[in-house]
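*Asks:* So the sequences go chain by chain: A and B.
So in the working numbering, the last one in the first sequence is 310, and the numbering has no gaps at all.
So in the working numbering, the last one in the second sequence is 594, and the numbering has no gaps at all.
Just so you know, the hints here were simulated from the structure itself, not pulled from any lab data.
As the structure is a computational prediction, the values presented were derived from the model and not from experiment.
Glycine is no exception: its CB is placed at the ideal position from the N, C-alpha and C atoms.
Be a bit skeptical, because a hint or two may be false.
Covered stretches of chain B (chain A as the covering partner; in silico rule of three or more C-beta atoms under 8 Å from a C-beta of chain A) [stated by the list, open to error]:
{"hint": "1", "region": "130-136"}
{"hint": "2", "region": "321-328"}
Quick list of the computed label-pair ranges, beta carbon to beta carbon [said to hold, decoys possible]:
{"hint": "3", "chain 1": "A", "residue 1": "Met1", "chain 2": "B", "residue 2": "Ala342", "range": "55 to 65 Å"}
{"hint": "4", "chain 1": "A", "residue 1": "Gly125", "chain 2": "B", "residue 2": "Ala342", "range": "51 to 61 Å"}
{"hint": "5", "chain 1": "B", "residue 1": "Ala342", "chain 2": "A", "residue 2": "Glu115", "range": "33 to 43 Å"}
{"hint": "6", "chain 1": "B", "residue 1": "Ile420", "chain 2": "A", "residue 2": "Lys71", "range": "17 to 27 Å"}
{"hint": "7", "chain 1": "A", "residue 1": "Glu53", "chain 2": "B", "residue 2": "Asn559", "range": "36 to 46 Å"}
{"hint": "8", "chain 1": "A", "residue 1": "Met1", "chain 2": "B", "residue 2": "Ser42", "range": "51 to 61 Å"}
{"hint": "9", "chain 1": "B", "residue 1": "Gly496", "chain 2": "A", "residue 2": "Met1", "range": "52 to 62 Å"}
Residues from chain B that keep clear of chain A, each with C-beta distances beyond 10 Å, as calculated [stated by the list, open to error]:
{"hint": "10", "residue": "Asn259"}
{"hint": "11", "residue": "Ile314"}
{"hint": "12", "residue": "Ala355"}
{"hint": "13", "residue": "Leu566"}
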Amino acid sequence: MMIETVNLTKCYGQLQALGNLNLTINQGDIFGFIGPNGAGKTTTMRILATLLEPTQGQAFVDGKNVLTHGKEVRRTVGYMPDFMGVYDDLKVFEYLEFFAAAFDIPAKQRKSIVEGVLELTDLEGKKTAAVDSLSRGMQQRLGLARVLIHDPKVLILDEPASGLDPRARIEIRELLRELKKMGKTIMISSHILSELEEICDYVGIIEHGQLVFSGTLDEIWKKLGTHSKVRVTVVDEHKAKAIELLNAVPEIEQVVEQKSHLLVNFTDGQIAGSVVAKTLVGGDVDIVSIEPEKMKLDDAFLQLTKGMVH
Amino acid sequence: MKHTFIDRVYDAVTLSWLTGPIFSKELRISSRRKRNYFLRSSYLLILLIAILLAWEAMVHSYSSNVVYRVSRLSAAGMAITGTVVMVQFYLAILVSVIMLSNAISEEVYHKTLGVLMSTPISMVQVIAGKLLSKLLQLILLVCLTLPILGIVRVFGGVPWEYLIKSFCVTLTAVIFVGIWTLYLSIHQKHAYIVIIRSILGLIVFFFVAPLFFGWLAIGELNVDDDSYLLCVAVTNPMFLMAMLMVELMEPRGMPFATNSWWIVHCLMMLGISTLLFIRAVTVVRKKALLQACGQLDDGGKTKRRSKTEKLGKIHHVKGPPVLWKEWRDSRLKMGGAKRIIACLLVTGSILISYAIFENENFLDDDYCHIMYAMIFAGLSTFLTAIFAATTITSEKASRTWPALLCTLVTDWQIIWGKVIGVLRRSTLFWGILVLHMTIFILVGYIHPAALPHIVMIAMPVAFFTTCSGVFFSSLFKHTTSAVVANMIFVALLWAGVPFFATIIGGIFFRGSDVLIETVVMTNPFYYLIEVLDDIAGKGDASTSWSRLRYSWAVGGKMNFIEATVLLWVVASAYIVTGLGFLKIVKMRLRKNIV
Ligand SMILES: Nc1ncnc2c1ncn2[C@@H]1O[C@H](COP(=O)(O)OP(=O)(O)OP(=O)(O)O)[C@@H](O)[C@H]1O
Ligand SMILES: [Mg+2]
Chain A
1 MMIETVNLTK CYGQLQALGN LNLTINQGDI FGFIGPNGAG KTTTMRILAT LLEPTQGQAF
61 VDGKNVLTHG KEVRRTVGYM PDFMGVYDDL KVFEYLEFFA AAFDIPAKQR KSIVEGVLEL
121 TDLEGKKTAA VDSLSRGMQQ RLGLARVLIH DPKVLILDEP ASGLDPRARI EIRELLRELK
181 KMGKTIMISS HILSELEEIC DYVGIIEHGQ LVFSGTLDEI WKKLGTHSKV RVTVVDEHKA
241 KAIELLNAVP EIEQVVEQKS HLLVNFTDGQ IAGSVVAKTL VGGDVDIVSI EPEKMKLDDA
301 FLQLTKGMVH
Chain B
1 MKHTFIDRVY DAVTLSWLTG PIFSKELRIS SRRKRNYFLR SSYLLILLIA ILLAWEAMVH
61 SYSSNVVYRV SRLSAAGMAI TGTVVMVQFY LAILVSVIML SNAISEEVYH KTLGVLMSTP
121 ISMVQVIAGK LLSKLLQLIL LVCLTLPILG IVRVFGGVPW EYLIKSFCVT LTAVIFVGIW
181 TLYLSIHQKH AYIVIIRSIL GLIVFFFVAP LFFGWLAIGE LNVDDDSYLL CVAVTNPMFL
241 MAMLMVELME PRGMPFATNS WWIVHCLMML GISTLLFIRA VTVVRKKALL QACGQLDDGG
301 KTKRRSKTEK LGKIHHVKGP PVLWKEWRDS RLKMGGAKRI IACLLVTGSI LISYAIFENE
361 NFLDDDYCHI MYAMIFAGLS TFLTAIFAAT TITSEKASRT WPALLCTLVT DWQIIWGKVI
421 GVLRRSTLFW GILVLHMTIF ILVGYIHPAA LPHIVMIAMP VAFFTTCSGV FFSSLFKHTT
481 SAVVANMIFV ALLWAGVPFF ATIIGGIFFR GSDVLIETVV MTNPFYYLIE VLDDIAGKGD
541 ASTSWSRLRY SWAVGGKMNF IEATVLLWVV ASAYIVTGLG FLKIVKMRLR KNIV
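Just need the whole structure built from these sequences, with the hints factored in.
*Replies:* And the structure:
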């Protein structure tokens, strides 16, 4: 287990930002941390990065308590804050070298390490640019480069993709995959959920400082019964007839007519496809296609956090 | 929503047609800030205590003769009013500089300027709103003192005229200084740099320039003194205030009557302010347009990508990283040409002042060097206080603080890196003091023994101010609060405490000076004065080392060695206290990180 929190609680005065949060992340996983604004994601990450002290409970990184073993934890963790600042009078190379020195990397190795992370983040061309002249996306990449400089085992990235263009987002995703291959444990929070969907092994959904759900993506689908929706496309002339036929089937809860297809909701997900096929073929309807409706993480997110809006 | 009568009255009172919604927004925000409550109430409190104490001291302690007491009463009234008005004038200017130091840059920095541009609010409203809302607090403060001073008027001796004149001069000066600082804040996002620039600019406008032109006019062009003084009075609020004070205390000593000249002065200040205001509006409008189309970076400078990228040489990190970074950071952020001009201005004005005093045969007098030492040391303390107070808050503001604290750099490395960086930056200013001393030791107007003593006084002052500054900077979130806190702290410690000690001593220790004597023995500036008083000036400068005698307020006469030991003890006390501040900083460094 790389990251573990036990009954983690954080209060800002009266406001409880985290309440008894129990979280475990295994080594080598990419963990997606999802939650609406103000759910407590940043707070959790700051505690794990030793920047905040929890009010109650414990947090461990690589088996070490963040409260008592701050220095070891800092060596293990690379934390990228949600809003990253840059020193405005340093150049990119100097900035990274500064952090290399701050992580006790001997002077002789610094140059090659800095060049390594610059290459990894595709910033080689900007070596001598002043950090504050970089665009938002490049600064984000620079932040990622900084996090990688001491080769941490755990990466904690707070919304690393915010403010990036689609291309840069894909690049970051590639980069994260590569880092996963290098054996790093990555905890990443994001509002762009489709992004997490493609790279995360596990997701945790947090709301009001409580973990609403945690598990693999498959487990989410199972919990939400996502296979109980089928998307049916029929020839236009037969649309009305198809609706009529499907509505007569007892297992079918509801048929929604959408622009080019019908969305069929089942009460039980197991037999969905075959029931639809049999009914329609039996009724002489020309079928174009039948496919299970794939539920997006966005929808799962909405469903899981529904009714708990601020 | 229907506009009620009250709304309309409110709009009329707040000049909303001119200042627009920005003003209301600012008003709401600034009245919400704890810092403003704190500033306002502590100011009034200090003022009230000072007046009561002064009154008590001057009136009650002496004779029971009624006639005598009445005459004392009016003298006391004048003294108190004069002092309060004067102190308030300078305070108001200082506060208006601090208040407006981030007026425009905060909009630029938070990228709200471009947004404002896309609303129907006009730029005139934006600037006027900013200016008035920030100054309103201050003007309110100045107005609040009017009734307090009105009470003092009961003592007699202080004409209403004086209060009104000085009130108007203060007001126009504050408006001018406010616009000037606002104008500077357009180009610079760091509030403390704006503060320093603004104050240096004011010093040049109001002290160096009159001195220079005075020298030119009286010395070279044979303009007669009185018309020159009148000229200065009309153009210079500081001088006019001093003249008003003289007029109050000793009307016969005046070279001219300020009768209606003060009106000319006020109108002129308003005129200049208007011009600056118009200029500010045009510049801000240009900036806003640039920002709206994304061509402005956070610092408020127009982006010049290609140029910055070519700016070649990379400096490699040597030694502890925080120290390395602080060491190379020059802080005033001035480019080459500007820096040279600034250096020339400073050296030039110092040399001119030497020439003027040499002309007056004042340069070999010990008071002359006390004056120089106080100005140089005071300014250096002031700048050190600002630099130190910005160290941590500026990292918090630029959000680099969490990133730094996530590294393996230890707390002490960070703290010492900051402290040494501040000391390095302020050496330049302290260096002027030392250079001055050295020059006049070589010339033979000051005894060489002064040099080690001056250094022994300057170093602990610089170190202590730095430590307290770093402390306040770890305490507060906003740079301006930290700067204000540190300046007030230092001013109270070294000017306020002696002042109150004098007054309290006058009341409780009738006639005896025990309290004030004890207090000044802890004051480095007292030692500065005393050392120069005893061993500077033509007469004292050539005494042999063994004959040197220092006379302190406590402890009688001392020779060089004894004096050195005493100074060393005082210095150690300040250094130890400074270390104590750093210890507190270390303890709370990781609190309130974000
Ligand atoms: N320094 C602070 N002082 C007081 N309250 C705070 C502070 N920081 C966060 N909070 C509160 O704690 C709660 C959790 O905040 P947090 O920043 O962890 O949310 P988040 O999940 O990161 O939100 P977002 O998606 O907007 O980044 C919020 O209600 C916020 O208002
Ligand atoms: Mg957040």
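*Asks:* Determine for every hint whether it applies to the structure shown.
*Replies:* Do the hints match the structure? See the list:
{"no.": "1", "hint": "130-136", "result": "violated (count 0)"}
{"no.": "2", "hint": "321-328", "result": "holds (count 4)"}
{"no.": "3", "hint": "A:Met1 x B:Ala342: 55 to 65 Å", "result": "holds, 59 Å"}
{"no.": "4", "hint": "A:Gly125 x B:Ala342: 51 to 61 Å", "result": "violated, 36 Å"}
{"no.": "5", "hint": "B:Ala342 x A:Glu115: 33 to 43 Å", "result": "holds, 39 Å"}
{"no.": "6", "hint": "B:Ile420 x A:Lys71: 17 to 27 Å", "result": "holds, 23 Å"}
{"no.": "7", "hint": "A:Glu53 x B:Asn559: 36 to 46 Å", "result": "violated, 56 Å"}
{"no.": "8", "hint": "A:Met1 x B:Ser42: 51 to 61 Å", "result": "holds, 53 Å"}
{"no.": "9", "hint": "B:Gly496 x A:Met1: 52 to 62 Å", "result": "holds, 58 Å"}
{"no.": "10", "hint": "Asn259", "result": "holds, 52 Å"}
{"no.": "11", "hint": "Ile314", "result": "violated, 5 Å"}
{"no.": "12", "hint": "Ala355", "result": "holds, 38 Å"}
{"no.": "13", "hint": "Leu566", "result": "holds, 43 Å"}
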